[in-house]
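J.: Protein chains in written order, with UniProt numbering: chain A, 1 to 563; chain B, 1 to 333.
The hints are simulated quantities; they were obtained by calculation from the structure and are not laboratory data.
Hints are supplied without guarantee of correctness; some may be wrong.
[To be verified] Listed below are the simulated DMTMM-like cross-link pairs for lysine to aspartate or glutamate, each with C-alpha atoms no more than 20 Å apart in a straight line:
1) Lys554(A) <-> Glu526(A)
2) Lys547(A) <-> Glu529(A)
3) Lys547(A) <-> Glu465(A)
4) Lys325(B) <-> Glu103(A)
5) Lys396(A) <-> Asp314(B)
6) Lys325(B) <-> Asp404(A)
7) Lys547(A) <-> Glu518(A)
8) Lys112(A) <-> Glu96(A)
9) Lys544(A) <-> Asp511(A)
10) Lys325(B) <-> Asp6(A)
11) Lys325(B) <-> Glu248(A)
12) Lys325(B) <-> Glu178(A)
13) Lys429(A) <-> Glu465(A)
14) Lys396(A) <-> Glu423(A)
15) Lys437(A) <-> Asp44(A)
16) Lys17(A) <-> Asp257(A)
17) Lys396(A) <-> Glu438(A)
18) Lys547(A) <-> Glu464(A)
[Stated by the list, open to error] Listed next, the stretches of chain A that the computed footprint assigns to chain B, with coverage defined by at least 3 CB atoms under 8 Å from CB atoms of chain B:
19) 79-89
20) 536-544
[Stated by the list, open to error] According to the in silico footprint, chain B covers these stretches of chain A (three or more CB under 8 Å from chain B):
21) 12-25
22) 242-249
23) 359-365
24) 371-385
Built from N, CA and C at the ideal position, the CB exists for glycine as well.
Chain by chain, the residues:
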Amino acid sequence: MGTQFDFPGGIHPPDNKLRSLQTPIRQAPLPDRLTVPLRQHRGDPGRVVVAVGDHVLTGQPLSEGQPGRSVPVHAPTSGTITAIKSHEVPHASGLEETCILIEADGRDQWYKLAPCPDSASTAERYDHLHRTGVVGLGGAGFPTRDKLQSAEAAPDVLILNGAECEPYITADQALMRERPDSVVAGALALWRLVGAGRCLIGIEDNKPDAIEALRQSAEGTSVEIRVVATRYPSGGERQLIQLLTGLEVPSGGLPADVGVLCQNVATAVAVDRSLRLGEPVIQRITTLTGEALARPGNIEARIGTPLDHLLFEAGLDPQRLHRLIMGGPLMGFDLTTTGLPLIKTANCLIAGTAGEFPDPPVPQPCIRCGLCEQACPVDLLPQQLYWFASAGEHRKAEHFDLFDCIECGACDWVCPSHLPLTEYYRHSKGVLRQEQKEQAEADHARQRFEERQARLEREQAEREERRRARQQAREQRHNVAPAEASEAATAAATSPTAPGPDRETLIQRRDQARQKVEEAQAQLAEAREQTPEAVPKLERALNKHQKRLDAAEKALSDAQEDT
Amino acid sequence: MLTTQRIMLWVMAATLPGLLALIHFFGWGVLINVLWCMGIAMATEALILWIRARPVQHTLMDGSAALTGLLLGLSLPPLLPWWIALVATASAIILAKHLYGGLGSNLFNPAMVGYALVLVSFPEAMSTRWALPLSLQETPLSLLDSLSVFTGLGSTSVDAFTGATPLDDYKHAIDGAIASQVTTAPIYGDRVALGWEWVNLGFLAGGLLLIQRRIITWHIPVSLLGALTIMALLFGYDPDQSVPLSLHLLAGGTMLGAFFIATDPVSAATSNRGKLWYGAGIGVLLYTIRAWGSYPDAVAFAVLLMNLAVPFLDYYTRPRTRGHKRAGRGVPS
Ligand code: SF4
Ligand code: SF4
């Protein structure tokens, strides 16, 4: 038991888990109206396959996956689709997403579910999971198929993450202690699916009830229950892997790079139900807690259920509500309204009072006390990152491995100056990502421009070539056999004997071309003064006009010679 | 939970054993110095904050100015006239702290900037105003006498109460004598250095408390004292030639410097590894200046010199980020 490996830093905040563990998992009553966001995962929304007015059954697909990371969503209950429109969804930045609004008919009639056939290949099984909308339920919402596919070979170790290290959240603990058999079934299903060498369930030692229950259920199987010391963030994927295997997932890499696959326990249960029963992800267990709730606990609710419905069910006292947090107090984010739907990644909803979550004190300057550094599980220098991020020196922050920050918030928690460090890091990362995107777009645009330029030059050269050929032909005809103005020669479209453009037109053309050249010269001169970055482009344009002018003059003089 | 204010309060509280020992052995002058410097530091801080249009009360409450004053009061010779302490404190707050942008932005340790400034400006007073241990004064200096020395009013002459510190005395006396002769002087007492040994043990105890409370880490004190010890054993192993290790550790400002001054987080190195180098650097410089320089004690200069090296240390002693093969190095472009 226990672990011989370790990760640096970490903190021990009060866990506040007991409040929501007093009662068994409850079933939320079906709401009248549900709002199902098309995107509840990391990736792109799927394509809607239903229309307003359609009647849908429980579990019926509402959208289908597109190429890429696009996961379908399913009707959480039977009813009529009343709208497909943009609606606010739980998101750190208060985003709106396209949602499908369903009016429940109360009958909860199920769609015919198709279990995954035994004969299915591994790839087909992965696709089956994808079709049933399975994503990481631990909070990140990474599409499960993509995660499973990330490993080229079977991993050495399959780890089920039941650490649940963040304070307040008990959804996984409730699941493990009340439904240990499904968790072990999920573990076995995943294990069979990916064919790992070993299968471990990692769990923090502050959940003795869950540990005991899992031990009993796992008896007779080779699934190993691994207890780790309670310390935030032991449930971080990289940290748990480090604790259980001693391996470090390389920066910017995936667990698959070190032969590990890590899945949340609730996700494993969803995988099992998807494969065995064909059941899509239309419900989840969520922790409802916080001192503003009279009846905290874990509740199993349909995806799309309005949060106020759940909060009402848990006895919310709106007078006392001070902060509403989705997720945990360290990594979660604040909601400004209760009118949002439950989504697949929502593992916890905290309705906190002012006494519980006092407004943060005014930040003081960083005194470089280093407490953040001692707490960082990645061995970053948070104070240094903060120094750069707050000065807008995002590149330097990147140089100091900003992107290895897992945004666990341990540094914020210990900071005696109450600096919102993680917020700074998120902002910095956002700025850098935006820059990268713009850089990529600029590169792309430049490439396109250069290709077009090359094509134009090629065409120009070809035209030139043709013109020369024609002229040669003409000269031959003049010199060698003027009488034999053969039909073949006249067939050359612009041969002077053919009814080509007359002199007037040619003069006109030349004048136009000359004007263009002059304009281009003027533009270029101006650009040299004001917008130097446009100079190369304008130079090329001038070149082009110059060539046209030359051509026009040549054509004119040819015509004059001819006559 | 720690707050910045509470950190400062803890540090101040941890100086108490050393402070009490200082008062006990060297008289009221120490307390007068400490209170005066703290008062000046806070008044100067308030004034500057007011000029910079910053929230005066809120910022003053962080306690950093008071701590700077306290550390200066503890470092300065106990029988210094009031205006030298004032110059030291005010320049610590104005020059070393606020000209760099206030708390958290200063490159140098403010208290040591103030100290070094008056040390080079008033070398005479700074080296002759060290009080003799009270037990060696013929009629121990009373509180009133101390005040009169401090204010310069009255006619108390300090000569009867002051003398060279053991570090200073030994360094010069050993040139013409051997250790057993030198240490017969009363200022060495029965053990290492009368009074000073208890003062240093007091600061050591306070420092250990800070480590236990996780307010400072062990890295700087350990590497500093370690480096000092190694240097003293390497170059000063012969007590008939040079100041012995016991005096280096237990006389002068060693422990105050190691646990309270070098550990000032703002001006120290950042990472744990950086702190080791930083502390070791101070230890080496401390010995070097004490042994071969013209100053008997050198905490201020050693700390300030290593402050200069901090940006460099910080770039080259980053910890290895998890998931990386090697630690990042160098200056970001
Ligand atoms: S914990 Fe806060 S005050 Fe201390 S070094 Fe880190 S950011 Fe600065
Ligand atoms: S939020 Fe980032 S910097 Fe802060 S402790 Fe966590 S990983 Fe380290």
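J.: Hints first: check each against the structure and report whether it holds.
T.: Hints, verified against the model:
1. Lys554(A) <-> Glu526(A): Roughly 30 Å separates the two Cα atoms, so the pair is violated.
2. Lys547(A) <-> Glu529(A): With Cα atoms ~25 Å apart, Lys547(A) and Glu529(A) exceed 20 Å; violated.
3. Lys547(A) <-> Glu465(A): holds, 14 Å
4. Lys325(B) <-> Glu103(A): violated, 55 Å
5. Lys396(A) <-> Asp314(B): Within the cut-off at roughly 13 Å; holds.
6. Lys325(B) <-> Asp404(A): It holds: about 13 Å lies between the C-alpha atoms, which stays within 20 Å.
7. Lys547(A) <-> Glu518(A): holds, 13 Å
8. Lys112(A) <-> Glu96(A): violated, 32 Å
9. Lys544(A) <-> Asp511(A): Since the Cα atoms of Lys544(A) and Asp511(A) sit roughly 15 Å apart, the hinted pair holds (cutoff 20 Å).
10. Lys325(B) <-> Asp6(A): holds, 17 Å
11. Lys325(B) <-> Glu248(A): Status holds; Cα separation ~10 Å.
12. Lys325(B) <-> Glu178(A): violated, 42 Å
13. Lys429(A) <-> Glu465(A): violated, 54 Å
14. Lys396(A) <-> Glu423(A): Roughly 17 Å between the alpha carbons, so the hint for Lys396(A) and Glu423(A) holds.
15. Lys437(A) <-> Asp44(A): holds, 17 Å
16. Lys17(A) <-> Asp257(A): Between Lys17(A) and Asp257(A) the Cα gap is close to 34 Å, so the pair fails against 20 Å, i.e. violated.
17. Lys396(A) <-> Glu438(A): holds, 19 Å
18. Lys547(A) <-> Glu464(A): Judged against 20 Å, a Cα distance of about 10 Å means the pair holds.
19. 79-89: Coverage by chain B is violated here, the residue count being 0 at a Cβ distance below 8 Å.
20. 536-544: violated (count 0)
21. 12-25: With 0 residues closer than 8 Å to chain B, the segment 12-25 of chain A misses the three-residue bar; violated.
22. 242-249: n = 3 at 8 Å, threshold three: holds.
23. 359-365: Since 4 is at least three, the answer is holds.
24. 371-385: holds (count 10)
Of the numbered hints listed earlier, those contradicted by the structure are 1, 2, 4, 8, 12, 13, 16, 19, 20, 21.
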